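Asks: Listed here are the chains, written in short residue letters.
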Amino acid sequence: MAGVVIVGGGHAGFQCIDSLRKGGYTDAITLIDAEPHLPYQRPPLSKSYLLDGADPDTLLFRTAAFFEEQRVEMRLGQRVESIDRGAKTLVLDNGEQVVYDQLVLAPGAQLRPLQIPADLADSVHYIKSLDDINGIREQLDAVEDVVVIGGGFIGLEFASTAVKLGKRVSVLVRGERILNQNVTPELSEYMLKEHQAQGADIRLNTRIETVNRLESGRLSILTQDGQQLECDLLVAGIGVTPAIGLAEQASLECDGGIRVDSYCRTSDPSIWAAGDAVSCEHPMAEGFTRIESVQNAVDQAKVIAANITGTPTTYDAVPWFWSDQYAHKIQMVGFHQGYDRVVQRGDMDSGKFTLFLYKGDQLIAVHTVNKPADHMAARKLLAAGISPSFEEAADESLKLNTLLKR
Amino acid sequence: MSKVTYIDFAGNTTELDLANGMTLMQGALMNGLDGIEGECSGSCACATCHCYVDEAYLGKLPEISENEDELLDSTVSERLPNSRLSCQIRMSDELDGIVVRLPEEQS
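So the sequences go chain by chain: A and B.
Each residue of the first sequence is one higher than the last, beginning at 5 in the numbering used here.
Each residue of the second sequence is one higher than the last, beginning at 215 in the numbering used here.
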C-alpha cells in the first residue's frame, strides 16, 4: 500500500499525521515538506520565540523519535513539482517519484513580497518560517530602529515584541486603521492607542514608495507622501497568498483557494486539502471562505483523518484566533462579517473586556481582550447556537458558562 | 536537564528529562503523551493543558497570572487547589523531580 502522502508540514500536515495514527490508520504515511526542519509550531515565531530567545527545539510538535515510532517517512527539504492524478504519483524536485493512495495537500500560503528595488530585496525580512525569524534574531541585538510594513496581526505582534526588546519601532499601515477587517473599529482604536502608549510610532494611511541603502549601512525609507524614515531592520508583514500552484497545475478545482467539499475533499476523490490554501463551505459563513488560522488548519486536518479512517465527518468547527500584543491577549471567535450591533461587557480602560457581535438578535462572533474565560465560553455558546440577550451579554455579574445550561 | 513525571488519568507513568526552559506542556506534546492538548501552542489562551501539580512543588511555581486564573476556572475537568496550566510551568533545576497528574479530559 502506498498509503497517505501529505504535502506540507505545517499545523495541518502535522495534525493529519497525529490524527491518522490515533484514528487507527496503519498503512504508510509520508510527509513531504520543502523546509528542512522537523514540523514546528508557528504562533510563537512572532511572539515568545523572539522575546525569550528560546531554543528552536522548543517549537517542535514532536521529536524525531516520535515520527520514527509512528512509521512516518519524512521527506524534508523536498518539493513536489507535479501531481500525476491518473497514476496517483507525485514528482519531486530531485526527480524521485512518490506514489499515493490518498493525497493530503496542506501547502499553506506564500508570503506577499514587498515591492522594492530588486537589489535591496534581501534587506527585507519577513515573518513566516523558522529560518525567517532566525534571520531576524541574529541581527536583533545590533538593531536600534525598526520599521514594520503592515498593520495586521503579524506586523503588530512583531512590533510589540520589538518594543518590548527596547527597539524604536515605526509601523507603516496602508489603511486608515490597524487590524482592518479583522476586528471592530472599537477594538482597532483601542489597540492603536495601546501601541502608541507603549511607544510605537504608528503611521496610518502610509504607503512605502522606495527603499535605499545609506552609506552607514542603514536603510532609508521614503513613503508615497514624502515622509522619510531610517532604520536598521525592515520587516514586512503584508499578508500571504494561498499556495495553490500545485493544485491548479493538476487541474483541481480552485477559486483562489483549493476548493473542497464539506468533508475537505477536493474535486479529485483521492485528494484532500486543509489549511490556509483551502476554500471551503462553513455552516456559519456564506458561500465559500478561506480561513488563515492555526485552528482552521488543525480542525480541517482532523476532519480529513477521520474521513480517511472511516468516520465520515464534515467541517463545522467554530473558527477562533488569537494574538498577543504587549500584555494584551486578543481572542476572536466566530465569523463577524455582517454584524450590526456590538454589545460591550467590561470597561475598556480596565484592559479587560469582551465585545459581543450580533447580526439581528443572533450572536455571530465574540472578541475579547484579556478575558480568556469569556472566549472559551463564547466558543461553546456559538457552537451550541446560543445567543444571550443584549442585557445578558452586557451583564458582568453573569458568568457566560451558566448560559450553556439552558 | 531536569526530570518530570507525568501520571495520566489511567495511572500510566512517563518519566522524561526535559531541557531547562522547556514548559511541561511542550515536554508532554513533543514526546507524544496523550492527556495534554495545548491547542493554543502554549500561549495561555485555551485551558487544554490543565494538570494537577504534586503538593511538594506547588510553592516553587511562578504565581498564577490573572489570565491563567480565569482559564483554570473554565477547564473541562474540575479545578482543584493544585491545578495549573502546564504551558505556564518552565523546567528549572528547582523543579527537578516534579510530578504532575493529568486530568480525565481537556476539551
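To be clear, the hints were calculated from the coordinates, so they are not data collected in a lab.
Source: prediction; values computed, not measured.
Where is the CB? At the ideal position from N, CA and C, for every residue including glycine.
Warning: the hint list may mix true and false statements.
Take a look, some chain A residues computed to stay more than 10 Å from chain B by CB distance [to be verified]:
1. P48
2. S266
3. V298
Here are the simulated DMTMM-like cross-link-like pairs (lysine to aspartate or glutamate), alpha carbons at most 20 Å apart as the crow flies [stated by the list, open to error]:
4. K356(A) to E148(A)
5. K409(A) to D287(B)
6. K26(A) to D283(B)
7. K403(A) to D351(A)
8. K356(A) to E292(B)
9. K217(B) to E198(A)
10. K171(A) to E193(A)
11. K217(B) to E229(B)
12. K26(A) to E319(B)
13. K356(A) to E269(B)
14. K356(A) to E229(B)
15. K403(A) to E280(B)
16. K409(A) to E292(B)
17. K384(A) to E292(B)
18. K197(A) to D61(A)
19. K51(A) to E253(B)
20. K217(B) to E396(A)
21. K403(A) to E253(B)
22. K356(A) to D320(A)
Asks: All hints, please: hold or fail.
Replies: We went through each hint and held it up to the structure:
A Cβ of chain B approaches the Cβ of P48(A) within 10 Å, the least distance being about 6 Å, so the stated non-interface status is violated. No beta-carbon of chain B is positioned within 10 Å of the beta-carbon of S266(A); the least distance is around 22 Å. Its closest Cβ contact with chain B, about 7 Å, brings V298(A) to no more than 10 Å, contrary to its assignment away from the interface. Straight-line distance between C-alpha atoms of K356(A) and E148(A) comes to about 32 Å, which puts the hinted pair past the 20 Å bound.
The straight-line distance between the Cα atoms of K409(A) and D287(B) is roughly 16 Å, inside the 20 Å bound, and the hint therefore holds. Of the supplied pair hints, the one linking K26(A) and D283(B) is violated, its CA atoms being roughly 31 Å apart against a limit of 20 Å. For a cut-off of 20 Å, the pair hint linking K403(A) to D351(A) stands: about 16 Å separates their Cα positions. At roughly 25 Å between alpha-carbon atoms, K356(A) and E292(B) are farther apart than 20 Å, so this suggested pair is violated.
A C-alpha spacing of about 41 Å is found between K217(B) and E198(A), which places the hinted pair above 20 Å, so the restraint is violated. Distance restraint check for K171(A) and E193(A): the Cα-Cα separation of roughly 23 Å exceeds the 20 Å cut-off, and the hinted pair is therefore not satisfied. Restraint check: the Cα-Cα separation between K217(B) and E229(B) comes to about 7 Å, which is no more than 20 Å; the hinted pair holds. The hinted pair formed by K26(A) and E319(B) meets the criterion: a straight-line CA distance of about 16 Å does not exceed 20 Å.
A hinted pair counts as satisfied when its Cα atoms are at most 20 Å apart, and K356(A) with E269(B) does not qualify at roughly 32 Å. With a CA separation close to 39 Å, the supplied pair K356(A) and E229(B) exceeds the 20 Å bound. Annotation: proposed proximity of K403(A) to E280(B) holds, straight-line Cα distance about 16 Å (limit 20 Å). Distance hint between K409(A) and E292(B) is fulfilled; the C-alpha atoms sit about 17 Å from each other, no more than 20 Å.
Restraint check: the Cα-Cα separation between K384(A) and E292(B) comes to about 17 Å, which is no more than 20 Å; the hinted pair holds. For the proposed pair K197(A) and D61(A), the alpha carbon gap of about 36 Å is over 20 Å, so the pair is violated. About 16 Å separates the Cα atoms of K51(A) and E253(B), which keeps this hinted pair within 20 Å; it holds. Under the criterion of a C-alpha separation no larger than 20 Å, the hint pairing K217(B) with E396(A) is inconsistent with the structure, at around 47 Å.
Taking the CA atoms of K403(A) and E253(B), the gap is about 23 Å. The hint is violated against a cut of 20 Å. In summary, the hint linking K356(A) to D320(A) is not supported, as the alpha carbons are separated by about 29 Å, beyond the 20 Å threshold.
Violated hints for the displayed structure, listed by number in ascending order: 1, 3, 4, 6, 8, 9, 10, 13, 14, 18, 20, 21, 22.
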